[in-house]
Structures are given as C-alpha cells and as structure tokens.
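The listed protein sequences derive, respectively, from chains E and G.
The numbering of the first sequence is full-length UniProt numbering, which starts it at 1 and goes up by one.
The numbering of the second sequence is full-length UniProt numbering, which starts it at 1 and goes up by one.
Calculated from the structure, these hints are not laboratory results.
You can take every hint at face value.
With beta-carbon atoms standing in for the labels, derived distance ranges: (1) A41(G) / L102(E): 21 to 27 Å; (2) A39(E) / L22(G): 21 to 27 Å; (3) G85(G) / G64(E): 43 to 49 Å; (4) A39(E) / A98(G): 34 to 40 Å; (5) W199(E) / A41(G): 24 to 30 Å.
Take a look, some chain E residues computed to stay more than 10 Å from chain G by CB distance: (6) E2; (7) L38; (8) L55; (9) V151; (10) P200.
This one's a predicted model, so the numbers in the text were calculated from it and none came from an experiment.
Backbone N, C-alpha and C define an ideal beta-carbon position, used for all residues, glycine too.
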Amino acid sequence: MERDAFVSGARDAVPMLLGIVPFGLVTGVASADAGLTLAQSLGLSAFVFAGASQLAALSLVEQGSAFLAVVATAVAVNLRMGVYSASIAPYFEEYAARWRALLAFLLIDEAYAISLATYRERDVDPRWYYVGVAGALWVVWQLAIATGVLVGADVPPSWGLDFAVPLVFLALLVPTIEGVPHAAAAVVAAAIAVYGAGWPFNAGLLVGALAGILTGFVVAGWRR
Amino acid sequence: MTTYDALTTWALIAAIAVPTFLVRFSFIGLLGRVGGVPDWAERALAFVPAAVLAALVVPDVVTLHATVAATLAQEKVVAGVVAAGVAYYTENVLATIAVGMAVLWTIRFGLPLAGVA
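Between the sequences and the hints, there should be enough to build the whole structure, so can you do that?
Quick look at the structure:
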C-alpha cells in the first residue's frame, strides 16, 4: 500500500518533469550568471525549492540588489504556499510533527496540485503518494539545476518546452470546476492575476487567488 | 557578477529558506495541534484549487494586448483553449500536454496566425 502509493505518486509527477526540466536548466544558468558556485546553487535549490522564487532572487543578486530586498522578494513570491498549506493540511493531520515538517518542506505548486487532485478522486495513502510526487520533483529539480550550472541550457527557447508547465496545471484546473461557484472563483482569480501579472512580489497571483476563494465562498452562500 | 561573498551568499540562502519553510509549515504544522478546521474555513478552502490554479496558469497563457482580438489571437491562448477542451473531455494530463504543445508548435513553426501580432 505504502510502496504502491509512492510509485503511483512518482509516476503521476512524470508529465510535470517535462516542464520543470527546462525551467531548472534556465534557473541553473541564471545561478551561474549570478556568480553562485555549484554548491551554492544546489544549496539554494535544495533548501528553498521554489523555481519562481529562486529565479527572482538570482536576478536581483546579479543586479547587485541589497540583501533585504532579495530576501523580501524571494519570500513574498512564496506566500501563496500558505494557501496550499491550509488546503492540504487536513490530509496530513494524523501524522507526527517531523513527518508534517518534511511534507511541508516539499510543498510546491506541482506537488500540491497533483496530490490534491488525486486525494479528491481516489483512495490513496496521502503521505507516501505525496512523497512520491514531491520527492521525484525535488530530485529532478536538483539534477536540472546542476546541469544548468555546469553545461548551460541548450534547449532552444523557441521550442517553448516551459509551456508544458501551464498545460499540466490546466489539466488539473479543469476538473476542479465543479459548478457555478467554482467557475466564478476561477474566473475572478484568473482575471486579477492576468491584470496584475506585472505587479511586484508576484502579488497578482496572491491577490487573485484570495479574491477567487472569497468569490467562490460568497457565490456558494447566495445559492444555498 | 555577484557582489556577494561566500558567507553572505549562504546567509542569503538561509534567510530565504527559513521563512519559506515557515510559510509552507504554517497550517500543516498548526492543524495537528489545534484540531480540525472550522466549518466556514472548510467551505472556503474548497475553492482553493480552482482559484489558485486559475491564478497560476492563466497569466502564463494570456498576456493583455490593446484589443480583445489581439489578446485572443496569441499562439499560447489558442493552444491553451484547445488544451482546456482536451482536458475537459479526456481528463488526461499527457493528452493535454501533447495536444497543447502540438498546437503551439503548429502555429509557431507551421501555420502562423495570419494578420495579427
């Protein structure tokens, strides 16, 4: 059961890998460009483990930004993970604190989206399934970063392989639209996020997501 | 080149990693201690996947242009709409990627969207 859940999670992460490998290569190249050594690049990717946040930090380091500005930006980009934490927490409630710490450490967009979609759909050991998904993503992310630092990214950008990431999220988004309140939540979230795509600190995503959740909640209240 | 020495770089990594972990651990860590979620919070959390995924994915597909027509006639928008249709009918991640990438590549390397840029 546990082993099956682990394998099933790792397998479900495979479509995501297609997208995160080019993303990791690009981040690895950015890391070398910012003057980080291989060990420092891997330290950043192993402990922070959040692509958008890493890229934001690296570009600011390369520009010679102040220490606190880099930290504030990189952390702000990750605030959306608080929402994931709240959403997935009920599935991890029964586990010991050190297990919950490990599961939280690995929490990223991809692991959250894949795991939650599966939990809602079929009966699976939540912990080992999640470790399968997030562990596979973590390992491949480090390999992609190391490759990017050492050999550079030779995938031609014109192939647009990074588009595989939004396509996976799209495939996970569509089944979550279960009715009018969910559709309203998605539309409001998307509209604000598109409009606020240029806002600092990735604020468009966070504000959009929160406004979407509130919209879904209110619309569901009207319809009851 | 970086103006950061080795020690500052490692301090920077720690200064980003620790708060990031605390954000991730917040509710996962807390819930075991305080017990279940209140009913209203549970109803609100039901909208997290739809709202967050939409906020995450749509800006990667759609960038605003001056007119509605120019906004819609982008290769990623066309590929995204087709892929959303595939996702709806098949509920299959690999099929969604395959069709979405095929449409993107067809437009980019084969049949450019004529007349709009």
